[in-house]
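Asks: Line by line, the protein sequences are chains A and B.
If you read the first sequence in this note's numbering, its first letter stands for residue 1, the second for the next number, and so on.
If you read the second sequence in this note's numbering, its first letter stands for residue 1, the second for the next number, and so on.
Per label pair, the in silico range of CB-to-CB distance:
#1 Val255(B) with Glu275(A): 48 to 54 Å
#2 Leu351(A) with Gly416(B): 55 to 61 Å
#3 Gln348(B) with His271(A): 35 to 41 Å
#4 Lys359(B) with Ala395(A): 37 to 43 Å
Partial list, derived from the structure: chain A residues whose beta carbon lies under 8 Å from chain B:
#5 Pro95
#6 Lys200
#7 Leu216
#8 Val282
#9 Gly311
#10 Pro434
Keep in mind that the hints were calculated from the coordinates and are not lab data.
Please read these numbers as outputs of a predicted model, since none were measured by experiment.
Backbone N, C-alpha and C define an ideal beta-carbon position, used for all residues, glycine too.
Next come the chains, spelled out residue by residue.
Protein chains: 2
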Amino acid sequence: MTDTLAPADYLADHFEQFTDELLEFLSIPSISALPDHAPHVAAAADWVAARLRQAGVTTVEVMNAGGVPTVYAEHLEAGDDAPTILIYGHFDTQPVDPVELWTNPPFTPVIRDERVYARGASDDKGNMLIPILAAEAWLQTTGSLPINVKFLFEGEEEVGSPHIEQFIIDNRDRLGCDYVVSADGGQFGEEQPNLLVGFKGLCAVEIELTGPERDLHSGQYGGTVQNPIHALARLIASMRDDEGRITIEGFYDEVVTPSQADSQQIAEIPHDDAEFAQGLGVDHLFGEPGYSTLERAWCRPTLEVNGTWGGFLDDGVKTVLPSKAHAKITCRLVPDQEPAVIADRIRQHVLSHTPPGVKATVALSESGARPYLVPGDHPGNQAAGDVLSDLYGQAPYFTRSGGTLPICSVLREHLGVFTVIFAFALDDERAHSPDEFFRLSSFRRGQQAWSQLWQRIAN
Amino acid sequence: MTDTLAPADYLADHFEQFTDELLEFLSIPSISALPDHAPHVAAAADWVAARLRQAGVTTVEVMNAGGVPTVYAEHLEAGDDAPTILIYGHFDTQPVDPVELWTNPPFTPVIRDERVYARGASDDKGNMLIPILAAEAWLQTTGSLPINVKFLFEGEEEVGSPHIEQFIIDNRDRLGCDYVVSADGGQFGEEQPNLLVGFKGLCAVEIELTGPERDLHSGQYGGTVQNPIHALARLIASMRDDEGRITIEGFYDEVVTPSQADSQQIAEIPHDDAEFAQGLGVDHLFGEPGYSTLERAWCRPTLEVNGTWGGFLDDGVKTVLPSKAHAKITCRLVPDQEPAVIADRIRQHVLSHTPPGVKATVALSESGARPYLVPGDHPGNQAAGDVLSDLYGQAPYFTRSGGTLPICSVLREHLGVFTVIFAFALDDERAHSPDEFFRLSSFRRGQQAWSQLWQRIAN
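So that you can see chain A by itself, here it is in the shape it has in the complex (with noise of 0.2 Å):
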């Protein structure tokens, strides 16, 4: 008992030293989606390559990635008879436009109220550094883990890691474990836990519509000619029912309806419709009729436009017929949908209801990523379930998440194990939007946490 207090103790000694190391890794702007934000991830890897050898982690490495930056470690010292596991994480951030509505600026953290805001706080960055401050509290007072831990941390999931894969493929036998350990991901609520036993796939298509060759002056050529914003209009229109059932052939074709069982088990998690929308700030919940709201976000596949532009955007009027619309489409998938097949299914959709009087073009994103489930009885959810019953003092719910890790999938094929999910986010920590934070208590019961998993996975 004297090896699990001693961390504890650590770790609750250095916090402080902890948040302001939290604080300088949030400063760091590793944007993926952006070129011209490389630079910046590069940055990230290097931090938390650094941050891991002071850890006292005997083996880390900065490896490519198809270009991309790609953190690998090991601390291979609990012998053959202990169970090894991967843990996995993601240092590069979402972009974070509109920047306007920051109250802070979002590469600047600050704590307010016991949060840190900054981009990337709660997803991942606040997450993925939980295990390496773990990893040194054990390594620090006793010397050694109580298993073998290796750790994989890249650096564009969130454009949909593509060229994890490979990766993966081309380091089968060193990052071979028993299964895998998320740090990416989230709790319930502050006072319940949960298990995330199941994610959404992802594919992404972007259209163009080409009308006139060039912008047209909208009195001299109005009605005379298609004009393409009102052509990806109709386009985008004929995707979904004004209910919002997808309308694009053969989509739900292997969409898997949840079981008896599946729904049953959703439904006892407490959720409250107007209490949801009333977060949000709409008067009324939408989407696929037939199907609980959290269905929809867990068990139901989507299509969203995630922008959309043409024309003239500046303040003012101007009268201009336009040459070109754009869109940009993603789509969670559930299972067994492939991305590829239902990306291609888009397109042909496009192709054949494209109005008359403009060209379409579709580009098919590299961005995929299969749906994923785990066994809820698996040993590491076993494992973690029971160290978040002791430290939250409720069992945990089992929960799936309408987001994607495209890793689950990867792993689940070329390793042939599957993905724990042991993180501390929480729903209301504005991932993706503007004033993102991460909670100071979770943080620290994030590191308690996964301080004692170890033990638990050892014993």
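Add chain B to chain A, keeping to what the hints say.
Replies: Relative to chain A, chain B alone:
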């Protein structure tokens, strides 16, 4: 005859100097739609005033039209028996985006192949400079003008002249005239003159749809709330049917159908749909069934989205469910549609067709103009027609324009006078588009035409 030959020779002798002056005028980036460019609009006004003084015009003043500089000048020495005309033009320009499609920077004028390339070259700086030069030619060679001439050059035509109406009301007596001659407009072709007898009106609205109060993670929230981009697509799609008819309730109620004579006159004007389509780079023309292309452009009202945006617009993938989506719309109106009435019907349509789950706000722009028609046999049209017939060796067609000269209906209402269009732009000169240009041949012929017009009016 000495009197008319002398100005003609003066114009020919000074053509090179006048061309240099046009380039200088075009180098002022007087974009009226962009507030940052207000100082350049003011600089353009000062340039015009200085050029009028240099020409020998007796009274020149930069006046204030609701905060926007407006140039007024007069030379009233032909006596009470001589006719008085008011010359109209504008020194503001359209914006320049997409600026990357310009061969040369839009405000660095260059001459290539006997054409002046610059934003505003054709619309309207090239045209509005011409009568100033023609006045100089008369004043420097004969010491006088054969008629009384007033000049009114405005600085916000390209945003729909929101302040000119009040300015005209406030200066009604000073602006009094027998009729107006507009130096904003064009000819049918290099060899074929025309008299423009009709313009469309204009109204403008801007729509903002708001779904969730902040941008959301499309995984966590996709499928649970309305996406304002999808809602906007449905809304835009609801405004026109799939053949291009406008489906706003009451939109066509006051539209005067072209008379048999009108249709006949238009049918006589040579027009080739295939050539027209090829010139715009489209496979098919598109628009309201039952009308020819010229009828749609000239006699039927239009509704065009000029710009739309929402969500993530940068490179790459951002999995966001955006809070807002926007569209800017202008309609081109025909007799007897009222801009305010049509704008209000669009607002009603938006409010009654807003999809569930989003809130709509509709801003009605102050920019607006009534449609306008001038009798073909008006004395000003007769004088202009005689000059054009002489110069081109062809009688002019009587055409209309899908464009808007808001000033025409305002002058008709408050000064009780018609406006004759006497200008030399051609349809292929890319007004409002990248690589706008003006032909030096038009600049030359326009100067002779204006010089002769005054003599013809005096007779």
